[in-house]
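We have chain A already, so just place chain B on it with the hints.
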Amino acid sequence: MAVGLGPAVSAVAALLPGDRLHLQHGPIDIIARAWGDADAIERAYRAAWAAFSGLLEGLCADLTLLRRPLPAPRPHGPVARRMHDAALPFCAGAFVTPMAAVAGAVADHILAEMRAAAPLARAFVNNGGDIALHLAPGRSFRCGIVSDLASPGLDAIAAIAAEHRVRGIATSGRATKGSGGRSFSLGIADAVTVLAEDAATADVAATLVANAVDLPGHPAVHRVPACALDPDSDLGSCPVTVGLGPLAAGEIAAALDRGVVEAERFRSRGLIAAAILFLRGQRRIVGPAPLVHAA
Amino acid sequence: MTETKQSTDAPADDALAQAKDPASGIVVCDACPVLCRIRPGRTGACDRYGNLDGKLTRLDPLVIAARAGKDGMVPFLGAPWDGSILSGATAFVTGVGAGTTYPDYKPAPFIVASEMEGVDMVTVVTEGIFSYCGLKVKIDTDRFLGPECAPVRVDGEQIGHVTTAEYGSQMLSLGGVRHLTGGSKREGQVACEALLQLANKQAVEVSIDGGARVVLQAGSAPIIDGVREERMRVGCGSAAIGMFARQWCGHVDEVIVVDDHITGVLTEHQAGRFLDMRPSGVRVRGRRSTPGRYFQVANPGRGWGGTDIGDPLEIVERIDPRAAWPGLRLLMVSTTGEHASFYVLDESLLPRPAAMPAEVARVVARIGENCEPALVSILFMAGAGGSLRAGVTENPVLLTRSVHRGLTRVTSGGAPAYLWPGGGITFMVDVLAMPENSFGSVPTPALVAPIEFSLPLEDYRAMGGHLDRLRPLASVRGERRATTIAWNEANPWPLDLARP
Chain A
1 MAVGLGPAVS AVAALLPGDR LHLQHGPIDI IARAWGDADA IERAYRAAWA
51 AFSGLLEGLC ADLTLLRRPL PAPRPHGPVA RRMHDAALPF CAGAFVTPMA
101 AVAGAVADHI LAEMRAAAPL ARAFVNNGGD IALHLAPGRS FRCGIVSDLA
151 SPGLDAIAAI AAEHRVRGIA TSGRATKGSG GRSFSLGIAD AVTVLAEDAA
201 TADVAATLVA NAVDLPGHPA VHRVPACALD PDSDLGSCPV TVGLGPLAAG
251 EIAAALDRGV VEAERFRSRG LIAAAILFLR GQRRIVGPAP LVHAA
Chain B
1001 MTETKQSTDA PADDALAQAK DPASGIVVCD ACPVLCRIRP GRTGACDRYG
1051 NLDGKLTRLD PLVIAARAGK DGMVPFLGAP WDGSILSGAT AFVTGVGAGT
1101 TYPDYKPAPF IVASEMEGVD MVTVVTEGIF SYCGLKVKID TDRFLGPECA
1151 PVRVDGEQIG HVTTAEYGSQ MLSLGGVRHL TGGSKREGQV ACEALLQLAN
1201 KQAVEVSIDG GARVVLQAGS APIIDGVREE RMRVGCGSAA IGMFARQWCG
1251 HVDEVIVVDD HITGVLTEHQ AGRFLDMRPS GVRVRGRRST PGRYFQVANP
1301 GRGWGGTDIG DPLEIVERID PRAAWPGLRL LMVSTTGEHA SFYVLDESLL
1351 PRPAAMPAEV ARVVARIGEN CEPALVSILF MAGAGGSLRA GVTENPVLLT
1401 RSVHRGLTRV TSGGAPAYLW PGGGITFMVD VLAMPENSFG SVPTPALVAP
1451 IEFSLPLEDY RAMGGHLDRL RPLASVRGER RATTIAWNEA NPWPLDLARP
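Chains as they are written, first to last, in our numbering: chain A, 1 to 295; chain B, 1001 to 1500.
For reference, chain A alone in the conformation it holds in the complex:
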């Protein structure tokens, strides 16, 4: 269609049905909700909007640094620092850039601003599936986990109570843009969901565990260099997964086992609380049962 350049996409805020706040600017798409008294909710939402205005511009100012593999100098912006700090513990022996934490770090930042503005019983900030949570003492969330966007159904439930040290949930997987996903994966997982102390950490860990769910050299895995798809990808010429042919049950299990090893490694270091890994109908759960259980 012969369509000219549309109007500028500026940061937008709107209240959605169900007392939810929608914030959107460029690739950032956030649904947030706070619970508390009406005045507190309004103050929290105003704080979220204030924090959101100019956030993307600030991130973009640090973009060159954020796309560099760690270790690298610490950036200055508040969200960029969250990204850097979350990704740094994972960089030993692995390729990781702060961009692996971008969605989670934005969610953490908006949530922190909301909490600072008003006392809230509960809150969530869901940035495209990477979620920051707030729980006052005695409160809890039950989160449904969907492993396949093409066939939405409840595949597992994460029950998160205030006493758990979980305030972040993030999901990563093979689905790229156009098929429900937002970024590239080096692995073949349908979905890896990680529970961690904050959303930025969960985001990095989910990315790396999903990368680890893999069958190196397997002919059913179609890969192309990331830069062939996106010239500015932080993954450069790393081969990213763009297609997956049929796999035998044993191969699916072997790929998941690799991911489980990585997730257990992160858990033993105290980086994550739990992870749930999906590939072609098979599932693995890492971490204590009360946090993640089968739906």
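What you were told as hints is all true, and nothing was included just to trick you.
List time: in silico DMTMM-like cross-link candidates among lysine to aspartate or glutamate, alpha-carbon distance up to 25 angstroms:
{"hint": "1", "chain 1": "B", "residue 1": "K1055", "chain 2": "B", "residue 2": "E1436"}
{"hint": "2", "chain 1": "B", "residue 1": "K1055", "chain 2": "A", "residue 2": "D232"}
{"hint": "3", "chain 1": "B", "residue 1": "K1136", "chain 2": "B", "residue 2": "D1155"}
{"hint": "4", "chain 1": "B", "residue 1": "K1201", "chain 2": "B", "residue 2": "D1430"}
{"hint": "5", "chain 1": "B", "residue 1": "K1106", "chain 2": "A", "residue 2": "D19"}
{"hint": "6", "chain 1": "B", "residue 1": "K1136", "chain 2": "B", "residue 2": "E1436"}
{"hint": "7", "chain 1": "B", "residue 1": "K1185", "chain 2": "A", "residue 2": "D155"}
{"hint": "8", "chain 1": "B", "residue 1": "K1185", "chain 2": "B", "residue 2": "D1209"}
{"hint": "9", "chain 1": "B", "residue 1": "K1185", "chain 2": "A", "residue 2": "E251"}
{"hint": "10", "chain 1": "B", "residue 1": "K1136", "chain 2": "B", "residue 2": "E1372"}
{"hint": "11", "chain 1": "B", "residue 1": "K1136", "chain 2": "B", "residue 2": "D1209"}
{"hint": "12", "chain 1": "B", "residue 1": "K1201", "chain 2": "B", "residue 2": "D1053"}
Here are the simulated distance ranges between beta carbons:
{"hint": "13", "chain 1": "B", "residue 1": "P1443", "chain 2": "A", "residue 2": "P219", "range": "23 to 31 angstroms"}
{"hint": "14", "chain 1": "B", "residue 1": "G1219", "chain 2": "A", "residue 2": "A248", "range": "37 to 45 angstroms"}
{"hint": "15", "chain 1": "B", "residue 1": "E1230", "chain 2": "A", "residue 2": "R68", "range": "50 to 58 angstroms"}
{"hint": "16", "chain 1": "A", "residue 1": "P17", "chain 2": "B", "residue 2": "R1481", "range": "19 to 27 angstroms"}
{"hint": "17", "chain 1": "A", "residue 1": "P231", "chain 2": "B", "residue 2": "R1461", "range": "53 to 61 angstroms"}
Worth flagging that the hints you see were computed from the coordinates, not collected in a lab.
For glycine and all other residues, C-beta sits at the position ideal for the given N, C-alpha and C.
Below, chain B alone, put in the same frame as chain A:
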């Protein structure tokens, strides 16, 4: 309760001009500060903008179609709207990109009031999510594509089946709820993606069990097992005899038009008898229907006239020595003129290949000239008889009745919809008459298609329409996503309503 705030970061006006990197075809998107560099055919980080043929394109625009008014001016096409009053005579809001509302009882996204020659009109604009939908595909070819009822597959998954053969063409029925949601998850995904591509006028290769691989694309020639089909047959073999008998008479003693459906034999055929042509004694195989018309002379295939024949003499069962004579001139030709051979019987009445006389070759060429270009044509079919109607009126059956009485016109992206008689609002629309990229999909899986209901305001009020949501046409132009395309002049104007 919706409040909207906007920040003020506007893009540079001339950024698009500088944005292209001519070497790689990369376009820089300046819609937000990320400034994504987007390779051809890919989208930016937000998935809202893409590089479409080197142009930065909003991928989910609300499409308004505009045509020239009596003064010959097209309102706001390619330029910002100048603030003048928009008229229903020149601008039509299509459902392309309109979005949907859910749950269904909410009013449709756009209920637009306009004025058309003094009559207040309403267009209810929405996008339907259709699980009950499919494509009816007509492929102009005589070649054998596969047996009736054979599964049609993409990537091994069945997305439809071969249905009836029609005149000079083979029909496929693709999609439908049983493939979209009734089979395996992968079957539904593959079917939905294939339907989406075909409905958006893209090419899809299908394979037919026990038959051919066919590349389908609306408005293009079918490509059957790698061979582009150029012509649609001029008619069946019998029809070809009837059309050209007089032109052959005197230049040739017998003509056999090879056709998988009805093979024609000139001197036996009524057309040859009428011209007093002498019976040649050349007998063909198959089952005689009426004089000079034979069914099943061979098996279906990709050879002469949709048969599996490569050497046309294979269908000659015998040559009757009591009727035939040495020197008899025999032409064998297919229904498109693509295949033709000329023979002369020798002293023992065996056909010997011979040079085709110019007069005969001219008639063979004329068969080809009279064939229309072979095309794939695709109709989208869907049922809007369900809950979608509640977005139009509080009393949905009144919409159905109004549509069937012709008071409400149904269009899809502005293209006229053929309405099936009977219950519900089940319609068909030619995807070629619709704007580019009119269709979307959802993971259900289901197709998303634009649908517009246009009717006079007084009728809309009478059916219990959502009058409180009525907005003037001019206000739609202010939508941030609104984009304007030229009206397809082949389509009737949806607001020209015939009063019953």
